[in-house]
Amino acid sequence: MSIFWELPKRLSMKTEKEELSPKITKLKELTYEIKIGQAMTKDVVSVSPDITMCELREVLQANRISGTPVVENGQMIGIISVEDLINAMGVCSPISTTNNREVTSASQEKMTMASVRESMTMTSVRENMTTTPETLFADEPLARAVSKFNKFHFGRFPVVNRQEELVGIITQDNIVSAMLKHLETSYYQEESLIYPTDRILTDRILEDLIADEVNLILRYHVNALDFDHAGEASSKLKKTLIRLGIPPQIVRRAAIASYEAEMNLVLWGEGGELHVKVQPDQIKLETFDTGPGIEDIEKAMQPGYSTAPEWVQAMGFGAGMGLPNIQTCTDEMELESTPGEGTHLKTTLYLEANASGFLGEGATRGRETNPQAFGHA
Amino acid sequence: MTLREILEIIEGKTITENINLDQEVKMGCGSDLMSDVLAFTHQGTVLMSGLTNPQVVRTAEIAGIQAIIFVRGKYPPQKTIDIAEEKSIPLLASKYTMFETCGRIYASGLPSCGVFDLTSHQWDAKFTGDE
Ligand SMILES: Nc1ncnc2c1ncn2[C@@H]1O[C@H](COP(=O)(O)OP(=O)(O)O)[C@@H](O)[C@H]1O
Ligand SMILES: [Mg+2]
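Residue numbers (our numbering), protein chains in the order written: chain Z, 1 to 377; chain D, 378 to 508.
The set of hints was computed from the structure by calculation and includes no laboratory data. Watch out, some of these pointers could steer you wrong.
Only pairs whose alpha carbons sit at most 30 Å apart, straight line, appear in this in silico DSSO-like list of lysine-lysine [to be verified]:
1. Z:K181 <-> Z:K236
2. Z:K299 <-> D:K503
3. Z:K35 <-> Z:K277
4. Z:K346 <-> D:K464
5. D:K464 <-> Z:K284
6. D:K456 <-> Z:K181
7. D:K390 <-> D:K464
8. D:K464 <-> Z:K236
9. Z:K239 <-> D:K403
10. Z:K236 <-> D:K456
11. Z:K299 <-> Z:K239
12. Z:K299 <-> Z:K346
13. Z:K239 <-> D:K456
14. Z:K284 <-> Z:K236
15. Z:K239 <-> Z:K284
16. D:K464 <-> Z:K239
17. D:K464 <-> Z:K277
18. Z:K181 <-> D:K503
19. Z:K236 <-> D:K503
So the derived label-pair ranges between C-beta atoms look like this [as the list claims (entries may be wrong)]:
20. D:Y452 <-> Z:Y32: 49 to 57 Å
21. D:K390 <-> Z:Y350: 40 to 48 Å
22. D:K390 <-> Z:P141: 17 to 25 Å
23. Z:N150 <-> D:Y452: 49 to 57 Å
24. D:K390 <-> Z:H153: 29 to 37 Å
25. D:L398 <-> Z:I297: 46 to 54 Å
26. Z:T121 <-> D:S465: 49 to 57 Å
Backbone N, C-alpha and C define an ideal beta-carbon position, used for all residues, glycine too.
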């Protein structure tokens, strides 16, 4: 899972002095409390400038990273990323000197993988790296990193100590993980102190988010047919929403919709992405997959319609109630699908108190029809 | 109704450790269909199920199910127990069938989850003629 804050544009225009005003909100406060050194990744993979781009590719792949600092004699002399690798591939192409893009791409297509690989062994990291990269100091507050990510659109910054020695690397994911970790610990502390104020506390954090016009975006990757982990994304989402102080009934609806959507990615979509955007007034929940798509959306939406084979039913799934459940639990739902290309589900839940939904009408009716239902217990 | 009372009524056993047997459940639902559990339960429901795979526990967590009773004397695999311990969802066992387990508990006064719009529309359309 990766989480990041979509930062309000105006943040980058403010001076640091303004941000330190007494009206500073909890989240911003945190970015001054936490040091870059606490949030960064410490085990940095670095490469020598003399390895070939071909070797670089293997290093990036093996470590699942998209960029890495270049170090020579203990000094960081540059940074190199996947983009540089792609650029290098272009330069290696025989006709790349031409300005005509069509010709270039056509000839690139003809170029065999072997010749690309061969040319990649002839160019070194030194020739392709960015020299004098932007860096951050480990003892600076996280706020510095936030403004630098806003200013330069790089994926990562090397972190150095005051002797200019490389000590770590920081990404936007690192920043949010560190902030969430801090929020979590302060919750536990306050919860055990005075339980009843817990709600007030969580409300306040959501208000902080609102005040900041910060959108929290949660992204989960869901694997096809992985039943050991199916549902985990929605389970994590549920916890995070509770932590953010979203009202429990809305959390339950969001979790149910997300779980049904996640199961559809697992079962039908050949895996995919679940993205949740928490905004001050609504939660937007979307899934994307590049699976087989849906031929007849109207049919798929009917309660009870399912293409589930027997082994799926044996697990308790395939009742054909997933899409109808999602519709009942959300305030808006849009399902787009192209057979052979994939499916895109878009839903919205309003955070206002009287929004219609899962425990609105249906539950009221339940109570009326069965007068015992709530009186007993 | 407390879990302790339920255990007496169904002559059941506990599966997970450290269950607070004095916790109250408000209503019950018997189902082997996960989507039905999500659609037709409320917070605080006790779920009776003949399925014992880990997905039952995950579904229960998402739906806010308070406890799960496995019927027909079925014992869940370790993976299911592990997840239930992790999520603090009590697992209980009943040697009786789904019908009898639910029947005993219902007859002792625990209500069902009620009738939901999602299905009552269909009922009205097919049987009562008004929608
Ligand atoms: N992401 C998807 N990609 C392809 N087909 C899908 C997708 N989601 C749903 N479907 C199709 O729509 C049908 C109905 O979905 P749903 O209402 O969730 O019921 P169920 O998952 O129980 O079959 C599925 O059986 C499947 O054929
Ligand atoms: Mg489904």
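Against the structure, the hints:
1. Z:K181 <-> Z:K236: It holds: about 14 Å lies between the C-alpha atoms, which stays within 30 Å.
2. Z:K299 <-> D:K503: Holds: K299 of chain Z and K503 of chain D sit about 19 Å apart, inside 30 Å.
3. Z:K35 <-> Z:K277: With a Cα-Cα distance of about 27 Å, the restraint between K35 of chain Z and K277 of chain Z holds, given a limit of 30 Å.
4. Z:K346 <-> D:K464: Satisfied, since the Cα-Cα distance of roughly 29 Å is no more than 30 Å.
5. D:K464 <-> Z:K284: Status holds; Cα separation ~26 Å.
6. D:K456 <-> Z:K181: holds (28 Å)
7. D:K390 <-> D:K464: holds (19 Å)
8. D:K464 <-> Z:K236: This hinted pair holds, its Cα atoms lying about 12 Å apart.
9. Z:K239 <-> D:K403: holds (23 Å)
10. Z:K236 <-> D:K456: Status holds; Cα separation ~19 Å.
11. Z:K299 <-> Z:K239: violated (33 Å)
12. Z:K299 <-> Z:K346: Holds: K299 of chain Z and K346 of chain Z sit about 18 Å apart, inside 30 Å.
13. Z:K239 <-> D:K456: holds (21 Å)
14. Z:K284 <-> Z:K236: holds (16 Å)
15. Z:K239 <-> Z:K284: Answer holds: K239 of chain Z to K284 of chain Z is near 16 Å, not above 30 Å.
16. D:K464 <-> Z:K239: holds (11 Å)
17. D:K464 <-> Z:K277: Between K464 of chain D and K277 of chain Z the Cα gap is close to 25 Å, so the pair holds against 30 Å.
18. Z:K181 <-> D:K503: violated (53 Å)
19. Z:K236 <-> D:K503: violated (40 Å)
20. D:Y452 <-> Z:Y32: 49 to 57 Å: With a Cβ separation near 54 Å, Y452 of chain D and Y32 of chain Z satisfy 49 to 57 Å, so the hint holds.
21. D:K390 <-> Z:Y350: 40 to 48 Å: Hint holds: Cβ distance 44 Å, inside 40 to 48 Å.
22. D:K390 <-> Z:P141: 17 to 25 Å: For P141 of chain Z against K390 of chain D, whose Cβ atoms are near 56 Å apart, the range 17 to 25 Å is violated.
23. Z:N150 <-> D:Y452: 49 to 57 Å: The hint (49 to 57 Å, Cβ to Cβ) holds, given that N150 of chain Z and Y452 of chain D are roughly 56 Å apart.
24. D:K390 <-> Z:H153: 29 to 37 Å: violated (60 Å)
25. D:L398 <-> Z:I297: 46 to 54 Å: Cβ of L398 of chain D to Cβ of I297 of chain Z: about 47 Å, so the range 46 to 54 Å holds.
26. Z:T121 <-> D:S465: 49 to 57 Å: holds (56 Å)
Of the numbered hints given earlier, the model fails hints 11, 18, 19, 22, 24; all others are met.
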